[in-house]
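**Q** Sequence:
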Amino acid sequence: MTPNRLEAFSDGVFAIAITLLVLELHVPVPGSGELGHELLQQWPSYVAYVITFITIGIIWINHHAAFSRLRSVDHSILMWNLALLLTVGILPFTTSLMATYLKEGSGENLAAAVYGASFLLMGAVFVGLNRHILLGRPRLLKSAMGDAAARRTLHFAALGQIPYLAATLLAFVSPYITIVICGATAIYYSLPIASRAGDADQSDATIA
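The sequence shown begins at 343 in our numbering and counts up one residue at a time.
Since the hints were made in silico from the structure, they are not lab data.
Don't take every hint at face value.
To be verified - Pairwise CB distance ranges (calculated):
#1 Ser410 / His497: 35 to 45 Å
#2 Leu420 / Ala500: 18 to 28 Å
#3 Trp385 / Arg481: 44 to 54 Å
#4 Leu477 / Leu381: 13 to 23 Å
#5 Gly478 / Ser448: 39 to 49 Å
#6 Val369 / Gly447: 18 to 28 Å
#7 Ile529 / Pro372: 13 to 23 Å
#8 Glu376 / Leu507: 36 to 46 Å
#9 Phe435 / Gly354: 10 to 20 Å
#10 Gly354 / Gly375: 35 to 45 Å
#11 Pro480 / Ser516: 36 to 46 Å
#12 Gly478 / Val364: 33 to 43 Å
As the list claims (entries may be wrong) - Below, a list of computed lysine to aspartate or glutamate pairs in the DMTMM-like style, where the Cα atoms sit at most 25 Å apart:
#13 Lys484 / Asp416
#14 Lys484 / Glu380
#15 Lys445 / Glu380
#16 Lys445 / Glu376
#17 Lys484 / Glu376
The beta carbon of each residue, even a glycine, is placed where N, CA and C say it ideally should be.
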């Protein structure tokens with residue numbers, strides 16, 4: 343199978359997930375209070391929306407970069423891709439969970455840990471997918487990539503999981519630490535410097 347159909351299906355899942363994020367942004371009920379105050383009360387939803395939107399966007403870019411290397415895909419790659427899409431699909435839920443409990447002021451530590459863990463899980467699956475493509479199915483690549491170059495790419499990808507692991511664990515200290523780490527990671531990987539920090543042969547910034 344060529345990667346085109348797989349990418350089309352995946353693009354649909356990414357688009358739905360990133361669109362569902364906006365459902366957490368609610369219009370204040372008229373008469374419930376001063377509008378400015380009510381809008382400010384929803385700041386966790388705004389922050390979570392931006393962080394997750396950027397993160398899904400970067401994963402989408404990297405997904406395209408990973409599959410643009412392939413001339414065809416097999417059943418194992420399809421299954422790895424489904425696993426990745428499964429982790430992307432839960433992000434609207436974990437984003438809403440974290441924002442809701444941060445506004446409520448109770449259970450926010452666990453909610454933030456779940457939020458960080460959802461990014462960690464997505465990243466880990468993406469690393470596994472890349473490893474499977476580069477080391478397990480090199481015959482499916484459009485052009486051969488040296489083993490050293492592949493391992494450099496995977497090493498840089500694996501390093502991207504460290505902030506998410508820290509964000510998950512430190513959520514039990516403060517949920518705000520999780521927000522800062524996830525936000526800083528999203529911003530870093532959206533900058534050109536992230537591309538230059540990766541494999542010199544690959545122009546895509548790898549978040550996972």
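**Q** Does each hint hold? Answer for all of them.
**A** Hints and how they fare:
Against the hinted window of 35 to 45 Å, the Cβ-Cβ separation of Ser410 and His497 comes to about 21 Å, which falls outside the hint. Take Leu420 and Ala500: their Cβ atoms lie about 23 Å apart, and the range 18 to 28 Å holds. At roughly 50 Å, the beta-carbon separation of Trp385 and Arg481 lies within the given 44 to 54 Å, and the hint holds. Distance hint for Leu477 and Leu381: a CB-CB separation of about 49 Å, inconsistent with the stated range 13 to 23 Å.
Hint check: Gly478 to Ser448, Cβ distance near 45 Å, so the stated range 39 to 49 Å holds. Distance hint for Val369 and Gly447: a CB-CB separation of about 22 Å, consistent with the stated range 18 to 28 Å. Roughly 35 Å separates the CB atoms of Ile529 and Pro372, a value that falls outside the hinted 13 to 23 Å. Evaluation of the 36 to 46 Å hint for Glu376 and Leu507 yields a pass: the beta carbon distance comes to about 41 Å.
At roughly 18 Å, the beta-carbon separation of Phe435 and Gly354 lies within the given 10 to 20 Å, and the hint holds. The hinted window of 35 to 45 Å between Gly354 and Gly375 holds, with their beta carbons roughly 39 Å apart. One distance hint, 36 to 46 Å for the beta-carbon pair Pro480 and Ser516, holds here, with the actual separation near 44 Å. Checked against the given bound of 33 to 43 Å, the beta carbons of Gly478 and Val364, roughly 37 Å apart, stay inside it.
Using a Cα cut-off of 25 Å, the hinted pair Lys484 and Asp416 holds, with the two alpha carbons roughly 14 Å apart. For the proposed pair Lys484 and Glu380, the alpha carbon gap of about 53 Å is over 25 Å, so the pair is violated. A threshold of 25 Å between alpha carbons decides the hint, and for Lys445 with Glu380 the separation of about 12 Å falls inside it, so the pair holds. As the CA atoms of Lys445 and Glu376 are separated by approximately 17 Å, the hinted pair is consistent with the 25 Å bound.
For the given pair, Lys484 sits about 59 Å from Glu376 by alpha-carbon distance, which is inconsistent with the 25 Å threshold.
Hint violations for this structure: numbers 1, 4, 7, 14 and 17, all remaining hints satisfied.
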